[in-house]
Structures are given as C-alpha cells and as structure tokens.
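**Student:** In our numbering, the protein residues as written are 1 to 430.
Check before you lean on any hint, since a few could be wrong.
[Stated by the list, open to error] Okay, the calculated beta carbon distance ranges per label pair: (1) A285 - G375: 33 to 39 Å; (2) A412 - P80: 25 to 31 Å; (3) G38 - A373: 45 to 51 Å; (4) A405 - L15: 47 to 53 Å; (5) M1 - A405: 24 to 30 Å; (6) R31 - G81: 35 to 41 Å.
Hints listed in this document are in silico derivations from the structure and should not be mistaken for laboratory results.
Nothing here was measured: the structure is a model prediction, and the numbers come from that model.
All C-beta atoms, glycine included, are put in the ideal place defined by N, C-alpha and C.
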Amino acid sequence: MSAARLAYTLLYYVLLPLVVARLLWRSRRDRDYRRRIGERFGWVRPALVAEQPLIWLHAVSVGETIAAQPLIEALLQRYPGHRLLVTSMTPTGSAQVVERFGDRVAHCYAPYDTPDAVARFLRRTQPVLYLIMETELWPNSVAACRRRAIPVLLLNARLSAKSARGYQRFAALSRELMANLTAVSVQTEADAARFTALGLATQACQISGNVKFDLTLTPAQQHSAAQLRQRWQGEQRLLWLAASTHPGEEQQLLESFAELRQRFAGLLLVLVPRHPERAERLAAAIAEQGWQCRRQSEWRQSEAALPLEVDVLLGDTIGELLLFYGAADVAFVGGSLIARGGHNPIEPAVWGCPTVAGGSQYNFAEVSRLLCAAGGMALVDNSAQLTQQLTAWLSAPEQRRTVGAAAAAVAADNRGALARQLAAVADALN
Numbered sequence: 001m002s003a004a005r006l007a008y009t010l011l012y013y014v015l016l017p018l019v020v021a022r023l024l025w026r027s028r029r030d031r032d033y034r035r036r037i038g039e040r041f042g043w044v045r046p047a048l049v050a051e052q053p054l055i056w057l058h059a060v061s062v063g064e065t066i067a068a069q070p071l072i073e074a075l076l077q078r079y080p081g082h083r084l085l086v087t088s089m090t091p092t093g094s095a096q097v098v099e100r101f102g103d104r105v106a107h108c109y110a111p112y113d114t115p116d117a118v119a120r121f122l123r124r125t126q127p128v129l130y131l132i133m134e135t136e137l138w139p140n141s142v143a144a145c146r147r148r149a150i151p152v153l154l155l156n157a158r159l160s161a162k163s164a165r166g167y168q169r170f171a172a173l174s175r176e177l178m179a180n181l182t183a184v185s186v187q188t189e190a191d192a193a194r195f196t197a198l199g200l201a202t203q204a205c206q207i208s209g210n211v212k213f214d215l216t217l218t219p220a221q222q223h224s225a226a227q228l229r230q231r232w233q234g235e236q237r238l239l240w241l242a243a244s245t246h247p248g249e250e251q252q253l254l255e256s257f258a259e260l261r262q263r264f265a266g267l268l269l270v271l272v273p274r275h276p277e278r279a280e281r282l283a284a285a286i287a288e289q290g291w292q293c294r295r296q297s298e299w300r301q302s303e304a305a306l307p308l309e310v311d312v313l314l315g316d317t318i319g320e321l322l323l324f325y326g327a328a329d330v331a332f333v334g335g336s337l338i339a340r341g342g343h344n345p346i347e348p349a350v351w352g353c354p355t356v357a358g359g360s361q362y363n364f365a366e367v368s369r370l371l372c373a374a375g376g377m378a379l380v381d382n383s384a385q386l387t388q389q390l391t392a393w394l395s396a397p398e399q400r401r402t403v404g405a406a407a408a409a410v411a412a413d414n415r416g417a418l419a420r421q422l423a424a425v426a427d428a429l430n
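Can you build the whole structure from these sequences, using the hints too?
**Tutor:** This is the structure in structure tokens:
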C-alpha cells in the first residue's frame with residue numbers, strides 16, 4: 001500500500017465511527033438507514049453469492065440508478081450467463097434498484113472503503129468486472145480489484161472543475177487511483193481533460209457522451225403519464241412541476257407560485273423535494289402559507305381525480321418523477337437556484353417538456369448548454385425571473401410546444417453513449 005493510500009485508509013478508520021453515527025442519526029427519520037448495516041462492512045448475504053460469473057455495478061443513489069437503467073437492461077440482455085449485482089449507498093437508491101429491476105439483479109449496499117470490508121465483499125461475491133457509474137471513486141475498492149485482476153470501468157464519468165481541484169489537493173492518491181482504472185468513458189472533452197490532468201492515461205480515456213440521453217420511453221410509461229395528467233385534471237388546469245428541489249429553493253418557488261396563481265387560476269404546483277424524507281416538514285410549510293396541499297403517497301391510493309381545490313401536490317414518493325415530467329405543462333429542475341450544480345434536465349427534455357432552471361449547472365454544464373442553445377431550456381437567477389419565464393410559457397401553448405420540441409430534438413440527437421459504453425464493457429470482459 002502506498003504512503004498516500006495508507007494515510008487515506010488510517011483517516012477513514014478514524015472517521016468511520018462518525019460515519020456510522022451519522023447513519024444512525026439519519027435513521028431517526030428513515031429507519032431504512034439502520035437496516036442491513038452488515039452489508040456496508042462486506043457481510044454479503046449468502047443468497048447474493050452467484051454461481052454464475054458476476055458483474056458488479058455500483059450506482060451510489062437514485063440519480064445514478066436511473067442513469068444506469070439503459071445500461072443494466074442492455075447487460076441483462078447481452079450477458080444472460082452472468083449475474084448482475086447492483087450496489088448503492090442510500091436507502092432511496094436501494095429502493096430504486098428493487099423497484100426497477102426486482103429479482104432480475106442482485107442488490108446490496110456497497111462496502112465501506114476499508115481494506116477489510118472490501119476484501120470480505122470481494123471474497124464473497126468474486127466479481128469478474130467492476131462498473132462504476134459517474135464518479136463514485138473509492139481508492140481501496142479500486143485498488144483491491146486491480147490487485148485481483150478485476151477490470152474497473154468508470155462509465156458515464158463526469159468531473160467538474162470544482163471536483164477536479166479537490167482531487168488535485170491529494171495528487172499522489174489521485175494519480176494512484178487513476179492508474180488503477182482500466183478504462184474511463186467520459187461525457188465531454190472537458191471531463192476527459194480533467195481526468196488526464198489527474199494522471200489517467202490518455203489511451204484509457206474515451207469520450208462516449210452522456211448515457212442519460214439514451215433514455216427510451218416505453219408505451220407503458222407514456223400511457224401512465226397520460227393517465228396521471230388526466231387524474232391531475234390537466235385538461236382543466238395548467239400543471240407546473242418543480243422537481244428535485246432543495247431547502248433555499250422551495251420558498252422562492254412558492255413565492256413565484258403565488259404570483260402565477262394571480263394570473264393562472266387553478267394552476268397546480270407539483271413540488272417534488274430531492275429528499276422525500278423532508279416531505280412532512282415541507283407540507284407543514286406549504287399549509288402555513290395558506291395553500292391546500294396533498295401528498296402523493298396518500299393520494300395515489302385513491303382512484304379519484306385530484307380535487308381542483310388542491311393547490312400543491314407534494315411528490316413524496318420514489319420512482320415516479322419521470323412520469324411526472326410526462327404529465328406536466330412546464331417544469332423547473334432544482335438544485336440550481338442554490339449552489340448545488342443542478343439536477344438532470346435530460347428527463348424532461350426526452351418528454352418534450354419546456355424546462356427552466358437556476359444558473360448553478362456545473363453537474364450538467366454541457367447538457368444545459370446544448371439545451372439552452374437549441375431553445376429547449378431557459379436559465380434564471382431568481383424567483384422574479386422564474387415567474388417571468390413561466391408566465392411567458394404558460395400564456396402561450398404554441399411556444400410551449402416549440403420549446404418542448406427543441407428539447408426533445410437535443411435529446412434525440414445526442415443518443416449513442418450506451419452503445420459506446422457497452423463496447424467498453426465487451427472489451428473488458430474479453
């Protein structure tokens with residue numbers, strides 16, 4: 001073990017009690033955080049140990065799991081003789097794996113990045129290939145795979161300038177980490193430049209594009225979205241979806257909503273916080289402002305249409321956001337009016353849903369640039385600009401159709417990353 005990784009490992013062990021304590025603290029609101037803790041230390045359940053060759057795919061949470069769906073579906077189809085193990089780090093990510101893939105894949109939490117936990121996990125699962133979605137890089141996990149001659153592929157990789165500066169502060173550890181990667185499929189040329197600057201060999205880096213563009217809407221999803229719109233009474237009222245929101249954004253959104261309601265009577269706000277566990281507190285805040293609020297987790301059990309008296313529908317469920325985009329007239333994508341880098345604008349684009357977001361876009365810089373350049377997305381700096389943009393769109397159905405068509409065209413024109421990433425997987429397995 002190098003001096004840099006030894007120092008990292010010692011620090012990880014020192015901080016591990018705090019990591020576990022934070023897990024237990026979060027379990028006060030979500031008891032799933034305290035379940036299956038043994039998996040986080042490599043104690044994989046015997047039922048997950050496969051007799052077939054096993055491909056390990058790691059998707060840290062909800063967003064990465066959704067992004068990985070086209071890849072996972074393709075792997076299941078192309079490699080029926082292999083077992084696919086999908087790991088995550090959060091209960092919401094875990095729930096997404098179970099909901100989307102059921103027993104077609106094995107699933108557990110990824111091990112903490114300590115040598116003993118990783119060794120225990122690898123001993124029990126014996127993967128022939130390790131696939132990592134986006135940029136969830138753990139030095140000991142990657143090094144342990146390299147030592148066992150298990151190819152490590154980083155897929156759909158992105159690296160913001162801010163994250164690159166963070167890696168550069170630990171240059172020796174980053175160089176070792178890059179050297180242990182078999183291949184990296186990055187989204188953009190800028191990502192490639194940042195990875196190679198950290199020490200990744202040029203021949204190990206491929207610009208594949210963003211696999212999120214390869215999202216294909218099934219007839220069942222299109223039908224479900226149409227039904228949802230009907231149940232929201234979308235023929236009688238306009239529907240504004242505010243997706244993946246954070247504290248610091250919701251108050252601005254509610255201020256904008258209050259202004260919009262003065263002009264668009266009956267406008268429904270569908271507010272979906274990034275973290276559903278915040279729903280109870282958020283529902284109380286909405287009610288305090290005088291709005292009648294329903295929660296999706298309660299209302300979806302009913303077969304009745306959403307009453308027109310409901311002002312705000314709080315999306316506190318997991319796995320339905322994609323359908324919400326298909327039902328909405330306009331959308332706001334959160335994590336962008338505050339300095340969080342923004343969330344995925346590709347999903348509304350695939351539906352042809354006009355989308356507005358804040359200016360913080362470092363997580364999707366190239367995607368937002370493409371969408372804005374084509375006229376399929378607008379960026380704003382504050383609630384006043386948000387209100388102005390939404391007023392323009394909500395007032396003009398033809399403009400909404402034009403903006404939505406431009407967004408859908410960008411999504412269609414940028415497909416193809418999946419095929420390139422599958423080729424990298426085939427090379428590694430061969």
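**Student:** Evaluate each hint against the coordinates.
**Tutor:** Here's how the hints hold up against the structure:
1. A285 - G375: 33 to 39 Å: 35 Å, holds
2. A412 - P80: 25 to 31 Å: 30 Å, holds
3. G38 - A373: 45 to 51 Å: Taking Cβ atoms as reference, G38 and A373 lie about 49 Å apart, which means the hint holds.
4. A405 - L15: 47 to 53 Å: 50 Å, holds
5. M1 - A405: 24 to 30 Å: 55 Å, violated
6. R31 - G81: 35 to 41 Å: 38 Å, holds
Checked against the numbered hints given earlier, the structure breaks only hint 5 and satisfies all the rest.
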